[in-house]
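Work out the full structure: start from the sequences and follow the hints.
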Amino acid sequence: MQRRDFGRLLPVAAITAALGASSPGFGQGRPGFPNQPIRMVVPLAAGTLTDVVARLLAEAMARELGQPVIIENRAGANGNLAAAYLKQQRPDGHAVMLAGVSMFAFNPFLYASLSYDPVRDFTYVAPVVDTPFMLVASKRSGITTVAQFLERARARPGELTYASAGNGNSTHLAMEMVAEAADIRLTHVPYSAVSPFNSLIAGETDSMLGVVGSLLPHIRSGTIVPLAVLLDARLPDLPDVPTLHEAGLQAPTMPGWYALVGPAGMPEEPVLRLNAALQKTLRDPAVRQRLREVYLDPIEGSPATIRQSFERDSAIWGAFIRRRGLRLG
-17 MQRRDFGRLL PVAAITAALG ASSPGFGQGR PGFPNQPIRM VVPLAAGTLT DVVARLLAEA
43 MARELGQPVI IENRAGANGN LAAAYLKQQR PDGHAVMLAG VSMFAFNPFL YASLSYDPVR
103 DFTYVAPVVD TPFMLVASKR SGITTVAQFL ERARARPGEL TYASAGNGNS THLAMEMVAE
163 AADIRLTHVP YSAVSPFNSL IAGETDSMLG VVGSLLPHIR SGTIVPLAVL LDARLPDLPD
223 VPTLHEAGLQ APTMPGWYAL VGPAGMPEEP VLRLNAALQK TLRDPAVRQR LREVYLDPIE
283 GSPATIRQSF ERDSAIWGAF IRRRGLRLG
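For the sequence shown, position 11 (counting from the first letter as 1) is numbered -7 according to the working numbering, and the numbering increases by one without interruption.
A few of these clues could be false.
Unchecked claim - Derived DMTMM-like pairs (lysine to aspartate or glutamate); straight-line CA-CA distance at most 20 Å:
{"no.": "1", "residue 1": "Lys262", "residue 2": "Glu275"}
{"no.": "2", "residue 1": "Lys262", "residue 2": "Glu250"}
{"no.": "3", "residue 1": "Lys121", "residue 2": "Glu133"}
{"no.": "4", "residue 1": "Lys69", "residue 2": "Glu251"}
To be verified - Derived CB-CB ranges, DEER-like:
{"no.": "5", "residue 1": "Ala246", "residue 2": "Gly300", "range": "19 to 27 Å"}
{"no.": "6", "residue 1": "Arg216", "residue 2": "Pro249", "range": "43 to 51 Å"}
{"no.": "7", "residue 1": "Ala215", "residue 2": "Arg72", "range": "40 to 48 Å"}
{"no.": "8", "residue 1": "Ala268", "residue 2": "Ala28", "range": "17 to 25 Å"}
{"no.": "9", "residue 1": "Arg122", "residue 2": "Arg21", "range": "37 to 45 Å"}
{"no.": "10", "residue 1": "Arg306", "residue 2": "Arg216", "range": "41 to 49 Å"}
{"no.": "11", "residue 1": "Ser203", "residue 2": "Gly230", "range": "22 to 30 Å"}
{"no.": "12", "residue 1": "Pro249", "residue 2": "Gly58", "range": "24 to 32 Å"}
{"no.": "13", "residue 1": "Arg305", "residue 2": "Arg72", "range": "36 to 44 Å"}
Treat the hints as calculated values from the structure; they're not laboratory data.
The beta-carbon is built from N, C-alpha and C at its ideal position, and this holds for glycine as well.
Here it is, written out as structure tokens:
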């Protein structure tokens, strides 16, 4: 990933309120698509980072499209439930999903039987945002540097624990990639999407690798300890925290992209209209600033752009998952 020059983090409630404060009336769009409210399926619960992204975008996209964009949270099974639901919807553009990299690039290799095919069952509409990852430790662990983290792990293999937002989640696979690069053995403790931070703060687990936007408030409050960022350059908000490479580990950068997708067979008109509305939304200075305040990097591009990202990350992470023998059933 490239260096991100982001501002200070603001509360999510303030961001969403600001975006929705001046929304005009709906139903004034031009004839054709869209001619009814658009449902945006979110594969995680309300309050998660994916949900925040969806709600930030929904307000502005609704103004562009002239129809309400309604959020539908369908959490469960690493996004499998939401994906199975979306593929059954009419492919007219009025039902879309904000999908994460794990749903398309990881899940096909983690599950022996999956209810959807990321190539066959979906229409790729647009890339949305990317998010950087960070390695952190609990204060109770006493670990304050990557060197200490590695020393502890090597001295007592399997004793050092790490929390994740669930088996097969990006927070799980990212730490497994770090463990492979460092040739260490850690013990995985999976939680639900919103609770691994609590385990880290309470000292129930020793470490975690998560997205910066979710971790930064806890770092600022002093309840967890930052060790390294998985980026090519340090973060402006945390100039004293090294990159993982600076700390001596050569692990691949963890992809954290989100994409807008629809059911297979969407006609060109709704694809192009949704892509244009989303790209215009992402170019809006106010929206870009608010996304960056929660450490989300807007990505502009065509449907082909996100398909290329999917193909690249599927190759890298599919090989890794097979190599590590990671299966979820």
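* Asked: Is the Cα-Cα distance between Lys262 and Glu250 20 Å or less?
  -> This hinted pair holds, its Cα atoms lying about 18 Å apart.
* Asked: Are the Cα positions of Lys262 and Glu275 separated by 20 Å at most?
  -> 19 Å, holds
* Per the hint of 19 to 27 Å, is the separation of the Cβ atoms of Ala246 and Gly300 within bounds? -> 21 Å, holds
* Taking 36 to 44 Å as the hint, is the beta-carbon distance of Arg305 and Arg72 inside that range? -> Between Arg305 and Arg72, where Cβ atoms are some 40 Å apart, the hint holds.
* **Outcome for the supplied range 22 to 30 Å, where the beta carbon pair is Ser203 and Gly230** => This hint holds: roughly 28 Å between Cβ atoms.
* To do: Return holds or violated for the Cβ distance of Arg122 and Arg21 against the range 37 to 45 Å.
  => 43 Å, holds
* Asked: Does the structure keep Lys121 and Glu133 at a Cα separation of 20 Å or less?
  -> Since the Cα atoms of Lys121 and Glu133 sit roughly 17 Å apart, the hinted pair holds (cutoff 20 Å).
* To do: Can you let me know if the beta-carbon spacing of Arg306 and Arg216 is within 41 to 49 Å?
  => 29 Å, violated
* Asked: So does Ala215 sit 40 to 48 Å from Arg72, Cβ to Cβ?
  -> Holds, at about 44 Å.
* Asked: Taking the beta carbons of Pro249 and Gly58, is their distance inside 24 to 32 Å?
  -> 30 Å, holds
* Do Arg216 and Pro249 keep their Cβ atoms within the hinted range of 43 to 51 Å? -> Cβ of Arg216 to Cβ of Pro249: about 45 Å, so the range 43 to 51 Å holds.
* **Ala268 versus Ala28 beta-carbon gap, inside 17 to 25 Å or not** => Hint holds: Cβ distance 23 Å, inside 17 to 25 Å.
Against the hints set out earlier in the document, a violation occurs for number 10 only.
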